[in-house]
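Undergrad: Given next are the chains, with one letter for each unit.
Number of protein chains: 2
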Amino acid sequence: MNSARSVIGTARIASRGFGAHIPRERSQLFQRTLQRTSNPRSTPNSARHFHNNARRPAQSAVAGASEEESLQPPDSSNPALSFPCLDAQEAKTAKLSARSLSSGPEPSYTTGHHLNYLCHEPLLLDWGGILPQFNVAFETWGRLNDTKSNAILLHTGLSASSHAHSTEINSKPGWWEKFIGSGKPLDTDKYFVVCTNVIGGCYGSTGPSSLDPADGQRYATRFPILTMQDMVRAQFQLLDGLEIEKLYASVGSSMGGMQSLAAGILFPERVGKVVSISGCARSHPYSIAMRHTQRQVLMMDPKWNRGFYYDGIPPHSGMKLAREIATVTYRSGPEWELRFGRRRADPSRQPALCPDFLIETYLDHAGEKFSLEYDPNSLLYVSKAMDLFDLGRANQLQTAQRRQQNSVKLASGERDAAIDQSCNLTLPDQPYEEQPSAIPSQPLTQPVAGSGSAPPGDLVAGMVALREHPTLVMGVASDILFPAWQQREIAETLRATGNRLVRHVELGEDTSLFGHDTFLLDLEHIGGNLRSFLD
Amino acid sequence: MNSARSVIGTARIASRGFGAHIPRERSQLFQRTLQRTSNPRSTPNSARHFHNNARRPAQSAVAGASEEESLQPPDSSNPALSFPCLDAQEAKTAKLSARSLSSGPEPSYTTGHHLNYLCHEPLLLDWGGILPQFNVAFETWGRLNDTKSNAILLHTGLSASSHAHSTEINSKPGWWEKFIGSGKPLDTDKYFVVCTNVIGGCYGSTGPSSLDPADGQRYATRFPILTMQDMVRAQFQLLDGLEIEKLYASVGSSMGGMQSLAAGILFPERVGKVVSISGCARSHPYSIAMRHTQRQVLMMDPKWNRGFYYDGIPPHSGMKLAREIATVTYRSGPEWELRFGRRRADPSRQPALCPDFLIETYLDHAGEKFSLEYDPNSLLYVSKAMDLFDLGRANQLQTAQRRQQNSVKLASGERDAAIDQSCNLTLPDQPYEEQPSAIPSQPLTQPVAGSGSAPPGDLVAGMVALREHPTLVMGVASDILFPAWQQREIAETLRATGNRLVRHVELGEDTSLFGHDTFLLDLEHIGGNLRSFLD
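Taken in sequence, the protein lines are chains A and B. Position in the first sequence counted from 1, then plus 9, gives you our numbering. Position in the second sequence counted from 1, then plus 9, gives you our numbering.
The set of hints was computed from the structure by calculation and includes no laboratory data. In this text, all values refer to a predicted model and were calculated from it rather than measured experimentally. Treat the hints with caution; some may be incorrect.
Said to hold, decoys possible - Distance ranges between label pairs, derived from CB positions:
id, chain 1, residue 1, chain 2, residue 2, range
1, B, G192, A, R352, 42 to 50 Å
2, A, S416, B, S106, 47 to 55 Å
3, B, Q359, A, P277, 27 to 35 Å
4, A, V417, B, S117, 51 to 59 Å
5, B, R509, A, P88, 41 to 49 Å
6, B, S106, A, R411, 37 to 45 Å
7, A, R352, B, D84, 49 to 57 Å
8, A, L510, B, R512, 44 to 52 Å
Stated by the list, open to error - Cross-link-like lysine-lysine pairs, in silico, DSBU-like; alpha carbons within 35 Å at most:
id, chain 1, residue 1, chain 2, residue 2
9, A, K181, A, K255
10, B, K312, A, K378
11, B, K312, A, K312
12, B, K255, B, K187
13, A, K101, B, K187
Beta carbons: idealized from backbone N, C-alpha and C, even for Gly.
Work out the full structure, taking the sequences as your base and the hints as a guide.
TA: This is the structure:
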């Protein structure tokens with residue numbers, strides 16, 4: 010390093026003041042020089058041009074420079090950093106571009122291995138949107154009894170599909186594989202379990218990637234804003250098709266825990282027991298904030314293209330980022346402390362700005378895995394619906410008023426008389442039945458008393474429809490996305506309505522460090538309490 | 010809506026099975042049709058072309074369609090959503106492009122209203138990088154006494170500058186304006202307070218936006234990886250220049266709380282008291298994860314251009330996103346509950362995918378404000394340095410070994426003999442002095458006992474250099490970024506070294522709901538405890 014080349018190695022101005030060797034002017038000169046040096050090429054055009062040479066440090070963008078020289082410019086004080094994580098994203102984009110024209114770059118999110126309930130009746134949504142027709146994709150396990158009194162509706166989390174358990178036509182293990190089956194918490198010897206894909210999602214139910222019947226083009230961001238209650242209404246239309254008048258129970262975790270409560274409040278006479286695991290009665294600002302950042306990073310991906318990416322490359326980088334942020338909220342700090350600590354992926358290497366610590370490679374992998382598994386627009390709409398969730402009375406009244414006003418839209422729309430039956434159902438010849446095998450685990454966690462603070466009156470008034478329903482509310486102390494106080498709020502609110510059949514269980518940090526994801530993992534406590542409550 | 014236009018309104022296949030009206034094949038046909046319809050234009054070229062029509066829904070991209078028609082296509086079941094948040098980003102990019110060529114699009118991050126300490130001596134960094142020369146920008150308040158025994162070195166958080174308090178040459182209030190001054194916790198009647206900008210930052214100290222003297226071009230991502238200890242070494246070179254042999258105290262919050270400990274461990278004989286507020290002894294995986302997502306969203310902004318954006322448009326969207334994520338970690342859920350609740354910015358409007366709830370507009374504003382205030386590359390390097398922070402003995406030994414191996418780099422570099430004095434200082438004629446005015450607040454929070462679990466042996470061995478130093482450790486129960494257990498860990502580790510002069514204060518949720526940001530806001534408890542400890 011020859012510091013004679015420095016731009017500031019020559020100025021000499023008389024010194025003055027308290028202990029000063031060179032005056033302020035010199036440093037200002039330094040700054041001005043710095044400013045000037047960097048400016049000659051600063052036009053938008055040169056910036057765009059330079060973008061094409063992204064991997065080349067500035068000073069090596071000269072004719073005839075070899076690739077090696079560009080990467081390790083001899084005139085640089087230190088070598089330029091490399092960015093394998095960006096190389097990987099670029100390679101992925103190139104690979105998606107190169108996919109055959111016949112299959113298209115956009116992946117198909119649904120396996121198609123599910124049942125469908127297709128309604129030609131328009132569905133009016135809470136915020137005034139209309140789905141002229143809609144499909145509910147679903148799967149079932151166990152057998153509906155003669156009195157049709159043993160049905161359990163299982164609600165999913167945001168990104169989960171109806172594939173909660175393997176089926177005859179799809180042997181892939183489901184997201185609650187160990188919780189469903191003969192002798193399991195959702196016991197297929199006793200219950201007929203129905204799990205749906207939410208509308209707004211991308212696993213076969215109508216969502217932003219579906220075709221708008223009005224013009225045969227994908228909805229994209231012409232899809233209307235929807236709510237948890239809209240999703241539940243579609244589910245109950247399916248129950249109509251299945252001729253199930255009343256559910257034995259409504260069960261759900263995470264977003265499904267919201268829907269499970271919403272089902273009981275929308276259709277109190279059609280729901281027996283209610284189970285809400287790691288859910289809430291209304292989304293709170295921290296959860297909204299975390300989902301907001303996920304939506305923003307996705308929408309900022311230029312490939313998102315305001316939702317109209319179905320003919321192009323999907324915004325896989327934005328989806329990856331959104332999932333990485335989500336993953337941070339799904340687990341807990343203490344669990345990561347035990348699992349990853351401060352270990353680096355390769356301690357022998359110099360630290361990098363790309364993933365470096367094990368926790369980073371874990372997040373990177375989780376994001377990468379999800380980036381083409383779920384439709385980006387579905388993520389936006391379903392996550393927004395979660396934000397809008399509020400079982401308070403005021404919100405319910407406003408919604409009812411809006412629905413009243415908007416119901417004229419339905420009346421004025423032209424109906425196609427040629428379609429004689431409005432909803433159609435597909436079911437397999439033989440519903441799937443679990444072969445008895447596993448021995449159920451027994452130990453249960455004792456219910457934990459609530460904090461005792463009075464729940465908000467608006468919420469109590471809003472949940473009064475559940476006053477008579479046996480309800481199980483479970484939460485996990487290490488959950489940061491749906492913190493345990495939110496489940497305490499549900500339980501206390503229900504008790505304040507006069508409900509004497511509320512069971513509240515909170516798993517402490519001594520029981521689970523898995524945070525929000527505990528409901529997917531803890532067969533012993535989540536599953537055990539579920540089973541004993543349903544029996 | 011005429012459902013006769015639906016692509017699935019015609020198929021009729023014999024029904025079969027349990028209660029089914031139409032069979033599975035029909036839904037598969039539906040899905041296949043959907044797939045086919047979307048594919049004809051799915052080439053990368055059409056995707057790129059379509060990107061230019063981002064605000065137009067797909068079906069309206071026809072010749073002659075008016076703007077109004079594009080936004081409200083008559084054939085769509087619902088109107089397309091609008092995206093004012095993306096419009097704003099695009100407008101901002103256009104505005105940055107249009108900036109005068111003479112000033113350049115890249116903003117100047119430093120006001121220049123600070124002092125400089127410029128060293129022509131190369132600085133060897135912990136991971137083997139070299140800064141052939143470096144500048145430390147700094148500000149001071151109060152007056153150094155004759156024995157030079159009253160100096161307090163104040164360390165900043167990640168994005169804060171040396172401007173902790175207004176000065177004669179910069180009257181803008183500083184980030185700790187109320188904590189510094191006559192009669193304040195950092196009492197300028199007693200102490201000479203020095204606050205520096207960290208190297209790696211962008212407020213005048215050498216960082217990625219500085220010119221590499223080797224070629225006169227900005228370092229960008231040719232800047233070497235650095236550590237908290239590297240920043241501290243540069244600060245102590247400044248202390249040499251100020252002829253301060255020993256600090257009265259080393260004080261810092263957040264990242265500064267890390268540096269304050271690091272200063273005492275690197276130079277135990279040059280530090281009197283140590284204050285570490287909302288800091289840690291080693292970064293834990295959750296904090297690394299949150300910073301990882303910030304770095305990733307920034308690096309994914311195409312304008313980041315692998316760090317070489319100084320001649321173009323800075324990655325303001327990526328910076329905005331990174332700051333929004335950071336902001337989520339700076340405050341607490343309960344505070345937001347009180348401040349924003351579930352209020353929407355405009356409840357009369359239909360919900361939007363762009364910011365909608367007040368908490369979202371708050372995050373949006375925080376991100377927007379920061380997006381051009383701080384150099385994106387500085388964010389990457391300084392945030393990475395925080396991840397690398399670990400005061401454990403093993404890490405210190407490995408670092409010492411690397412430094413030993415790399416010290417040959419310094420010896421082999423050619424030195425410029427023409428520069429006779431290696432470091433130069435600028436100081437104002439009269440250091441700033443606060444006019445006595447405010448009455449100090451008195452109440453203090455009682456120190457809270459630690460959890461009692463044994464601190465890790467590696468950390469105890471690594472912090473043994475602080476065994477004799479009076480140390481104040483403060484934490485905040487509502488902090489999710491530097492959780493309170495991390496400050497308990499510092500205190501317990503120091504006590505385990507045999508230090509009997511540790512004071513540990515934890516502000517409970519009854520005292521502060523402001524989370525990590527409490528150190529910026531709570532003059533009474535943070536300031537009060539600081540004052541009483543320093544006296």
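Undergrad: Sort out which numbered hints this structure fails and list those numbers smallest first.
TA: Going through the list in order, the structure violates hint 13 alone and respects the others.
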